[in-house]
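As a plain string of letters, each chain reads:
Protein chains: 4
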Amino acid sequence: MYNLLKGKRGIIFGALDESSIAWKTAERVHEEGGVFVLTNAPASIRLGNINALAEQTNSQVIAADATSVTDLENLVDQAVEILGGKIDFVLHSIGMSVNVRKGNHYTNQNYEFTEKGWNVSAVSFHKVMQVLYKKDAMNEWGSIVALSYMAAQRVFPDYNDMADNKAFLESIARSFGYFFGRDKKVRVNTISQSPTATRAGTGVKGFDGFIAFAEKMSPLGNATADDCANYALTLFSDLTKKVTLQNLLHDGGFSNMGVSQEVMEMFE
Amino acid sequence: MYNLLKGKRGIIFGALDESSIAWKTAERVHEEGGVFVLTNAPASIRLGNINALAEQTNSQVIAADATSVTDLENLVDQAVEILGGKIDFVLHSIGMSVNVRKGNHYTNQNYEFTEKGWNVSAVSFHKVMQVLYKKDAMNEWGSIVALSYMAAQRVFPDYNDMADNKAFLESIARSFGYFFGRDKKVRVNTISQSPTATRAGTGVKGFDGFIAFAEKMSPLGNATADDCANYALTLFSDLTKKVTLQNLLHDGGFSNMGVSQEVMEMFE
Amino acid sequence: MYNLLKGKRGIIFGALDESSIAWKTAERVHEEGGVFVLTNAPASIRLGNINALAEQTNSQVIAADATSVTDLENLVDQAVEILGGKIDFVLHSIGMSVNVRKGNHYTNQNYEFTEKGWNVSAVSFHKVMQVLYKKDAMNEWGSIVALSYMAAQRVFPDYNDMADNKAFLESIARSFGYFFGRDKKVRVNTISQSPTATRAGTGVKGFDGFIAFAEKMSPLGNATADDCANYALTLFSDLTKKVTLQNLLHDGGFSNMGVSQEVMEMFE
Amino acid sequence: MYNLLKGKRGIIFGALDESSIAWKTAERVHEEGGVFVLTNAPASIRLGNINALAEQTNSQVIAADATSVTDLENLVDQAVEILGGKIDFVLHSIGMSVNVRKGNHYTNQNYEFTEKGWNVSAVSFHKVMQVLYKKDAMNEWGSIVALSYMAAQRVFPDYNDMADNKAFLESIARSFGYFFGRDKKVRVNTISQSPTATRAGTGVKGFDGFIAFAEKMSPLGNATADDCANYALTLFSDLTKKVTLQNLLHDGGFSNMGVSQEVMEMFE
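Protein chains in written order, with my numbering: chain A, 1 to 268; chain B, 1 to 268; chain C, 1 to 268; chain D, 1 to 268.
By construction, these hints were calculated from the structure, which means they are not laboratory data. Misleading hints may appear alongside valid ones.
Unchecked claim - Which stretches of chain C does chain D cover? Using the computed rule of at least three CB atoms under 8 Å from a CB of chain D, they are:
hint : segment
1    : 104 to 117
2    : 195 to 201
To be verified - The list that follows gives simulated cross-link-like pairs (lysine-lysine, DSS-like), each with its CA atoms no further than 27 Å apart:
hint : chain 1 : residue 1 : chain 2 : residue 2
3    : B       : 116       : A       : 116
4    : B       : 216       : D       : 184
5    : C       : 184       : A       : 216
6    : D       : 184       : D       : 102
7    : C       : 184       : D       : 6
8    : C       : 216       : B       : 216
9    : B       : 116       : A       : 134
10   : B       : 102       : A       : 116
11   : A       : 216       : D       : 216
12   : A       : 205       : B       : 185
13   : A       : 6         : C       : 241
Claimed, not checked - If you want the ones that stay clear, here's a sample from chain A, every Cβ over 10 Å from chain C, calculated:
hint : residue
14   : 3
15   : 42
16   : 60
17   : 63
18   : 105
19   : 135
20   : 153
21   : 177
22   : 182
23   : 206
24   : 234
25   : 248
26   : 253
None of these values were measured; they are calculated from a predicted model. Backbone N, C-alpha and C define an ideal beta-carbon position, used for all residues, glycine too.
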């Protein structure tokens, strides 16, 4: 409770339920004095309980399909009006693979599903930024953050086509981040988070195995959704104004481990 | 002329004209004793002069739209039949952005164009591998290579949405490479090549500027299409059997330069 | 002014004068409620004006040669006593190349100078941590940060053997960070900072050229010493508890730029 | 057997016995038509059986302590004279940690040992290149390769201070590679090799554990010393003239794995 985000306005995508990173982030942003609108796809709004969060944080919920430019334009217009000014921070926490849901192996993709997952998980981030950029809706030194996962760099077999989508997402952060930085002084970064026991995470086959593996490999253990919320605060704050185009590993050290003592001993 | 690829059979995608990397690679593979079929999209076949290359290298041309699984299935079946056995090497040299062609800025994408470029430039690589994998059409210790560009990691403003497509492509190489390696002993890598004065390359706005910049930054100068063909030979050969899931920078050293003396002096 | 470091105790190495990153960091830590001892080598204490900073921040100065384990042991003992408890944060901002000072080109090293620079710039970081670790002088969830530079990954010709020293330093952060994390819940990271107009920085030949180049390449411009101080605060705070073993690029986006529009246009 | 290195002259450091990567490389270079001198430290010459290799490959052995500039100058002079011309390729395969040998934990270093290991394992590579550069003893488009290990990027607990030494070594490859490329058209790279059951490798505590772990993680299994010899040939050949400043992962895919199916299942 530092008042770190006092006076800042934002949009938070993807708070489904209490286990969501976006949910935890919204709670912490609220505690730190920031105001925001919450948004999610209509189906996700029905599925989860975002309205409870809205009440708790004194926020409004605006339904938007993040693959629809029209919905996003409406969202941004409403957010600026409701919050009383341009936007300072955005959290993009959206991801979904139809191939994963349908149980299609990575070597047996249905390419319509591939396209749909890519569109929801990755292109939506471009659309969000393109709408904000064209409407000139971000304040200078604003901060845009999307959640990613290390499968963008390394193979986690069951992560399936989400790996490729996250690679695309991280590339968008760099590509759009250049123009958003140069033209509007806005920074754009991704947080590459430990496997997290959200509803989306636990749906991935083999999730128990790789969260346990990651826990044993990481010197500080896996980063939780609460940890991630705290980290996101620093990126929204005025203390990180020159951090941009980065993919920030937030994982208890996992990403720079070759092998831990504990894991190695299982192989001796 | 080392007979480095004697007895090896392959498929080479994307030889448009004499400036193409795929064209140069086909010539060098032929000199090194490899045999192959050439393939390209029907429109590209009409546009370029691939038949001259086929004659020169004693190869057949099979038209295939690399976004069509049916076309790819037909291509692989025919290639195996024509060449008289399973495939040892594949070169994927395909890329196209409709947004670039239409002059849409990265911050002003038409998302139908984005989808089309992604499908042609990146998903086609997955489709090629999925067809080869399902048909079990690769020999053990075969080698699959796709061409990429460093915009997958760093911002080159005019490279536009091709940057994101290349990031997706490189991720496919890792993701599919895991299963292809584990299940079939096939290696999958990308070559991240210097900017090259091919017909595709020179079509990018600002190309003259960034090829000149790269030349001045690279201690050995830019790698040419001929250099790239030679490098591809090593990856198709039996000398690199344990190289897989890699993105191999082939660029005269550019990728690891912060700044060269020559460039820095322009700023003093 | 968020009280972000209220109740935290630290040791800050390397505040020479008002231009130093360590100096700026000390000022900001003080504003955020942290307490600390300042330390530098005796020669640097005479050269600069650290005592003014000590007075301003209500701190004590303890002279220590960071290559001397004895001096470091004394420093840590005194710090714990003066501050009234174990240490929560450490800033290592130490670097010096004798080859650079003497004007020896990288291809014409005097290896006694190489060893001396390595010892001061890189091994000192290991010594600091080994002393803290053996004395069990860090609190759980403490944070250790060293300053680095991107020459550890890419070539900046005039940075000379400091590039290799920074690579060694960053490796120490990972290697020691594993044990410090696993055994004591302490995180260890490096900040890879924009070229900064400190007294040390401006002493490097060609500094004006590469700071100007970096400025034109970075979408948000170079990060200043003030920016870096703010960023260091986040790493010392409780908001980044699971960030460890990382090299964090703090550079206005420079590290992920291939080329900016502005630079490219100079080559067209 | 392709005559890939016909007419090329080289220097090979570090062939101790039949298990050495340098030994295997010397055999393969000989088969490919290259000529070379072998060199090692006097103590290593006594310890191993390099003379058998010399006889087998029709080579001469020149003793040299790679930390001694005088020895290296003598080596280069003699090599040029014996081989009848300037050098085309160099293999640096040297590494040794006194802390490892003496059983000192990474958090309990003896810094005299640290200095000695660094000098032997890393600085020797700079010395070799500085001598070659000053004497102008390399042919244009020559190739210099040093062996490294992924501990330079990620933590392998028992690799100890060799991790930091390898990071320094890889940085030297970039730093010196810039000047060697720009001024003499010579390329400089490192191969980051799978854990390999050489005499040096097997001496590391926990070696059995991490070679087994790496085997299970790598889609193509660990790269052997024989595989590495083949890969080195490609880097010495004329087919890779524009590959420079790179650290080339040669590891059956290990480096880009997050986790394999097989390893993950142990945690489910």
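Hint by hint, here is what the structure shows:
Given a C-beta distance limit of less than 8 Å, the hint that chain D covers the segment 104 to 117 of chain C holds, as 7 residues qualify and 3 suffice. Taking a C-beta to C-beta cut-off of 8 Å, the segment 195 to 201 of chain C contributes 0 residues in contact with chain D, too few for the three needed, and the coverage statement is violated. Annotation: proposed proximity of residue 116 of chain B to residue 116 of chain A holds, straight-line Cα distance about 13 Å (limit 27 Å). Annotation: proposed proximity of residue 216 of chain B to residue 184 of chain D holds, straight-line Cα distance about 16 Å (limit 27 Å).
Our distance criterion of 27 Å between C-alpha atoms is met by residue 184 of chain C and residue 216 of chain A, whose separation comes to about 16 Å. Using a Cα cut-off of 27 Å, the hinted pair residue 184 of chain D and residue 102 of chain D is violated, with the two alpha carbons roughly 41 Å apart. Our distance criterion of 27 Å between C-alpha atoms is broken by residue 184 of chain C and residue 6 of chain D, whose separation comes to about 57 Å. For the suggested pair residue 216 of chain C and residue 216 of chain B, the alpha carbons sit about 17 Å apart, so the restraint of at most 27 Å is met.
Distance hint between residue 116 of chain B and residue 134 of chain A is fulfilled; the C-alpha atoms sit about 23 Å from each other, no more than 27 Å. Using a Cα cut-off of 27 Å, the hinted pair residue 102 of chain B and residue 116 of chain A holds, with the two alpha carbons roughly 24 Å apart. Our distance criterion of 27 Å between C-alpha atoms is met by residue 216 of chain A and residue 216 of chain D, whose separation comes to about 17 Å. With a C-alpha separation of about 25 Å, the suggested pair residue 205 of chain A and residue 185 of chain B falls inside the 27 Å cut-off, and the hint holds.
Restraint check for residue 6 of chain A and residue 241 of chain C: the C-alpha separation of about 22 Å stays at or below 27 Å, so the hint holds. Some Cβ of chain C comes within 10 Å of the Cβ of residue 3 of chain A; the nearest lies about 6 Å off, and the non-interface call is violated. No beta-carbon of chain C is positioned within 10 Å of the beta-carbon of residue 42 of chain A; the least distance is around 33 Å. Non-interface status of residue 60 of chain A relative to chain C is upheld: no Cβ of that chain comes within 10 Å, the nearest being about 27 Å off.
The beta carbon of residue 63 of chain A sits about 31 Å from the closest Cβ of chain C, which is more than 10 Å, so the claim that it is off the interface holds. Consistency note on residue 105 of chain A: stated as away from chain C, and its beta-carbon is indeed over 10 Å from all of that chain's, at 32 Å minimum. No beta-carbon of chain C comes within 10 Å of the beta-carbon of residue 135 of chain A; the shortest separation is about 20 Å. With a least CB separation of 14 Å from chain C, residue 153 of chain A remains clear of the 10 Å interface cut-off, as annotated.
Not every beta carbon of chain C lies more than 10 Å from that of residue 177 of chain A, the smallest distance being close to 7 Å; the non-interface claim is violated. Non-interface status of residue 182 of chain A relative to chain C is broken: a Cβ of that chain comes within 10 Å, the nearest being about 4 Å off. Listed as a non-interface residue, residue 206 of chain A keeps its Cβ farther than 10 Å from every Cβ of chain C; the least gap is roughly 23 Å. Against chain C, the non-interface label of residue 234 of chain A is violated: not every CB pair exceeds 10 Å, the least being about 4 Å.
Annotated as non-interface, residue 248 of chain A brings its C-beta within 10 Å of a C-beta of chain C; the closest such distance is 7 Å. Distance to chain C contradicts residue 253 of chain A as a non-interface residue, since its nearest Cβ pair spans about 4 Å, not more than 10 Å.
Consistency with the previously given hints fails for numbers 2, 6, 7, 14, 21, 22, 24, 25 and 26, ordered from lowest to highest.
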